[in-house]
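Quick mapping for you: the protein sequence lines, in order, are chains D and C.
When we follow our numbering, the leftmost residue of the first sequence carries the number 20, and every step to the right adds one.
When we follow our numbering, the leftmost residue of the second sequence carries the number 724, and every step to the right adds one.
Quick caveat, the hints were computed from the structure, so don't treat them as lab data.
Ideal Cβ placement from N, Cα and C applies to all residues, glycine included.
Some hints here could point you the wrong way.
To be verified - Here are the simulated DSSO-like cross-link-like pairs (lysine-lysine), alpha carbons at most 27 angstroms apart as the crow flies:
hint	chain 1	residue 1	chain 2	residue 2
1	C	Lys863	D	Lys52
2	D	Lys52	C	Lys796
3	D	Lys42	D	Lys52
4	D	Lys369	D	Lys353
5	C	Lys854	D	Lys30
6	C	Lys796	D	Lys50
7	D	Lys50	D	Lys29
8	D	Lys351	C	Lys743
9	C	Lys769	D	Lys50
10	C	Lys854	D	Lys351
11	C	Lys863	D	Lys42
12	C	Lys743	D	Lys50
13	C	Lys854	D	Lys42
14	D	Lys50	C	Lys863
To be verified - Covered, in the sense of this in silico footprint (three residues per stretch, anywhere, with C-beta under 8 angstroms from a C-beta of chain C), are these stretches of chain D:
hint	region
15	26 to 33
16	43 to 50
As the list claims (entries may be wrong) - Residues from chain C that face chain D, not an exhaustive set, calculated with beta carbons under 10 angstroms:
hint	residue
17	Lys743
18	Leu751
19	Val763
20	Tyr847
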Amino acid sequence: MKSDEREMIKKAIQRIVPSDDLKERVRSAAKSKRRSKNTIKLKCGFNAASFIAAAAAVAIATALGVFFYNEGMSTDSGAGAANQPSSQTHLNGRDDPDDEKYQYIKEFFSAVSANDPESAAGLFEIYNDDNAPKSQIWNNIDGITAQLLGECISYPYCHFMLAVTADDPELARKITPILPDGQEQAGESTAVLVSDDTQVIMTTMYIGDENFSPDSLQSHINLTVEQEGEDGSEESEQKSCTVIFKCDHEKDHSPELSITPDERYTIELPTADAASVYTGISEIKLSAGGIMLRCDLTDNEIAVLEQASDDGYSDNAADENSQEKEVVISVKNKDGTITRPDHTKYSVGKDSIGAYIAFDNICAPVDYENAQSLMIGDTEIPLGR
Amino acid sequence: MDSSQFDEEEFDRVYDTYGKMVYRIAFLRLKSAEDAEDTVQDVFVKYMTRNVGFDSEEHRKAWFIRAAVDLCKDLKKGFWHTRVLKISDLSVLDIAVESDLESECLLDIIRLPAKQNTVLYLYYYEGYSIKQIAEMLGQKERSVSSTLSRARRSLRNRMEQQDGGEYI
Numbered sequence: 020m021k022s023d024e025r026e027m028i029k030k031a032i033q034r035i036v037p038s039d040d041l042k043e044r045v046r047s048a049a050k051s052k053r054r055s056k057n058t059i060k061l062k063c064g065f066n067a068a069s070f071i072a073a074a075a076a077v078a079i080a081t082a083l084g085v086f087f088y089n090e091g092m093s094t095d096s097g098a099g100a101a102n103q104p105s106s107q108t109h110l111n112g113r114d115d116p117d118d119e120k121y122q123y124i125k126e127f128f129s130a131v132s133a134n135d136p137e138s139a140a141g142l143f144e145i146y147n148d149d150n151a152p153k154s155q156i157w158n159n160i161d162g163i164t165a166q167l168l169g170e171c172i173s174y175p176y177c178h179f180m181l182a183v184t185a186d187d188p189e190l191a192r193k194i195t196p197i198l199p200d201g202q203e204q205a206g207e208s209t210a211v212l213v214s215d216d217t218q219v220i221m222t223t224m225y226i227g228d229e230n231f232s233p234d235s236l237q238s239h240i241n242l243t244v245e246q247e248g249e250d251g252s253e254e255s256e257q258k259s260c261t262v263i264f265k266c267d268h269e270k271d272h273s274p275e276l277s278i279t280p281d282e283r284y285t286i287e288l289p290t291a292d293a294a295s296v297y298t299g300i301s302e303i304k305l306s307a308g309g310i311m312l313r314c315d316l317t318d319n320e321i322a323v324l325e326q327a328s329d330d331g332y333s334d335n336a337a338d339e340n341s342q343e344k345e346v347v348i349s350v351k352n353k354d355g356t357i358t359r360p361d362h363t364k365y366s367v368g369k370d371s372i373g374a375y376i377a378f379d380n381i382c383a384p385v386d387y388e389n390a391q392s393l394m395i396g397d398t399e400i401p402l403g404r
Numbered sequence: 724m725d726s727s728q729f730d731e732e733e734f735d736r737v738y739d740t741y742g743k744m745v746y747r748i749a750f751l752r753l754k755s756a757e758d759a760e761d762t763v764q765d766v767f768v769k770y771m772t773r774n775v776g777f778d779s780e781e782h783r784k785a786w787f788i789r790a791a792v793d794l795c796k797d798l799k800k801g802f803w804h805t806r807v808l809k810i811s812d813l814s815v816l817d818i819a820v821e822s823d824l825e826s827e828c829l830l831d832i833i834r835l836p837a838k839q840n841t842v843l844y845l846y847y848y849e850g851y852s853i854k855q856i857a858e859m860l861g862q863k864e865r866s867v868s869s870t871l872s873r874a875r876r877s878l879r880n881r882m883e884q885q886d887g888g889e890y891i
């Protein structure tokens, strides 16, 4: 890059300046050791003209009915995402994308998997509302009620979430799940305390590949309860809770939207090395399970992409375990709203038809009627019917 | 440290030195002024309540950069950030605010993914080498180099789409 280009970038970045009063707010926050909550405001930090742009955007957003907010939430969400579902392809019993409860349970999964007690507690509160769905409840453990909140199958794993409530709040804090025998490889469970007496536990079990198609799935979860013995010694007691959930494969699959682009699109995918792979796309299939792109890929390109996927391409230490990729996929709707994934990962393979790249998590349900185009990175692909 | 022990002099010094840098990193990553301000607050709260010392001023600067990046990630992982569409996700950045090249360049930089514009900022604005950035962010040099290269390419592509405008 030439020196004048470097100067251009520097000058451009210099336009990003904080507001004049920020220093005093930061001072106040540093003194009180906690951040002050932002009030609803609209400011762009780089120049006056951008304020006009932002104001215009608000007008657009209002016209589109987009939810504009200012959250002011704590950021101490923790990093316990080791058990984060790799995708949320089937949420049994709640598989209707138009069903707001379906969306709700996905949000709940995300909050628990992100080890975010604040969000999880808020969602659990909603869940406990009389209007919310009630799932299977077990009272077969003295003093403990276990309730299945939702399941999520993302082959080869199944994630499920339980609310475990103990009569004794102290006891509730001591409940930890033990994975069923042979499931250790599926990863550790995540447990989030959502109220004084209730923990929401998300755990993962290995169920194999997509050929696994049981009418129902059953698992025993052992809950370890540590209690103080009469002599003051710590005693550990294991209680067993059987989880049964049905896999309704007929209902699990939302209709697929298949697109054959008029022209061949090119996208750039991240790879583990500096070389980028460009892929011509000949067909796109969009379903609740994700997005599949038919591409012209050489065996070498497949190998490079597979390696990148296996390596869990990630540029930052905090995300080392998350397997996140840089590719961002979103669906742009006719009304201008955008359906975004929490994160996107891909797998690469070859079947009898040819090579494909499958982005296995669009996360937020796709509104098939209103979907207008698909954004893969910076590439916009209009959806046809 | 309670408020009676708050070191005003130290705060003024570090804020004046690193406040804008933290804000810029956060703004570029989060693409939102209010979120960037929240991040600045969090970083300085963390700094003023930390228990670790620094070997040098460079070490301190690296700490601020890493803290800013990490806290931005935390903020983005929050519930609302993954669920609610914000104005900055919309076309705010697609509106040409000024026709001069610097403005266009800035908007193009902001549009880059967080990882890319952070690396671009550290490399071109702060003048760090790829090796230093890799060490600071806990990444592989190859990865930083690749990210930087993608950022450059994206900027080039975007400028090419803007009627032949050129700065890279």
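Hints and how they fare:
1. Our distance criterion of 27 angstroms between C-alpha atoms is broken by lysine 863 of chain C and lysine 52 of chain D, whose separation comes to about 34 angstroms.
2. Proximity of lysine 52 of chain D to lysine 796 of chain C is assessed by CA-CA distance (about 20 angstroms); at most 27 angstroms being required, the pair is judged to hold.
3. Simply put, lysine 42 of chain D and lysine 52 of chain D have alpha-carbon atoms about 15 angstroms apart, close enough for the 27 angstroms limit, and the pair holds.
4. Straight-line distance between C-alpha atoms of lysine 369 of chain D and lysine 353 of chain D comes to about 33 angstroms, which puts the hinted pair past the 27 angstroms bound.
5. Under the criterion of a C-alpha separation no larger than 27 angstroms, the hint pairing lysine 854 of chain C with lysine 30 of chain D is consistent with the structure, at around 24 angstroms.
6. This hinted pair checks out: lysine 796 of chain C and lysine 50 of chain D have alpha carbons roughly 24 angstroms apart, not beyond 27 angstroms.
7. With a C-alpha separation of about 33 angstroms, the suggested pair lysine 50 of chain D and lysine 29 of chain D falls outside the 27 angstroms cut-off, and the hint is violated.
8. Among the hinted pairs, lysine 351 of chain D with lysine 743 of chain C is inconsistent with the structure: their alpha-carbon atoms are about 34 angstroms apart, more than 27 angstroms.
9. About 11 angstroms separates the Cα atoms of lysine 769 of chain C and lysine 50 of chain D, which keeps this hinted pair within 27 angstroms; it holds.
10. Proposed proximity of lysine 854 of chain C and lysine 351 of chain D is contradicted: the alpha carbons are some 38 angstroms apart, above 27 angstroms.
11. Distance hint between lysine 863 of chain C and lysine 42 of chain D is unfulfilled; the C-alpha atoms sit about 34 angstroms from each other, more than 27 angstroms.
12. Between lysine 743 of chain C and lysine 50 of chain D the alpha-carbon distance is near 19 angstroms, which keeps this suggested pair within the 27 angstroms criterion.
13. The straight-line distance between the Cα atoms of lysine 854 of chain C and lysine 42 of chain D is roughly 32 angstroms, outside the 27 angstroms bound, and the hint therefore fails.
14. As the CA atoms of lysine 50 of chain D and lysine 863 of chain C are separated by approximately 37 angstroms, the hinted pair breaks the 27 angstroms bound.
15. Taking a C-beta to C-beta cut-off of 8 angstroms, the region 26 to 33 of chain D contributes 6 residues in contact with chain C, enough for the three needed, and the coverage statement holds.
16. For the region 43 to 50 of chain D, the stated coverage by chain C is satisfied: 6 residues place a CB nearer than 8 angstroms to a CB of that chain, which reaches the threshold of 3.
17. Evaluation of the lysine 743 of chain C hint against chain D yields a held restraint, the C-beta minimum of about 7 angstroms falling below 10 angstroms.
18. Annotation: leucine 751 of chain C was flagged as interfacial toward chain D, and the flag holds, the nearest CB pair being 7 angstroms apart, inside 10 angstroms.
19. Using the Cβ-Cβ criterion of 10 angstroms, the hint placing valine 763 of chain C at the interface with chain D is satisfied: the shortest such distance is roughly 6 angstroms.
20. Taking 10 angstroms as the C-beta cut-off, the interface hint given for tyrosine 847 of chain C holds, the closest approach to chain D being about 5 angstroms.
Hints 1, 4, 7, 8, 10, 11, 13 and 14 from the list above are not met by this structure, while the remaining hints are.
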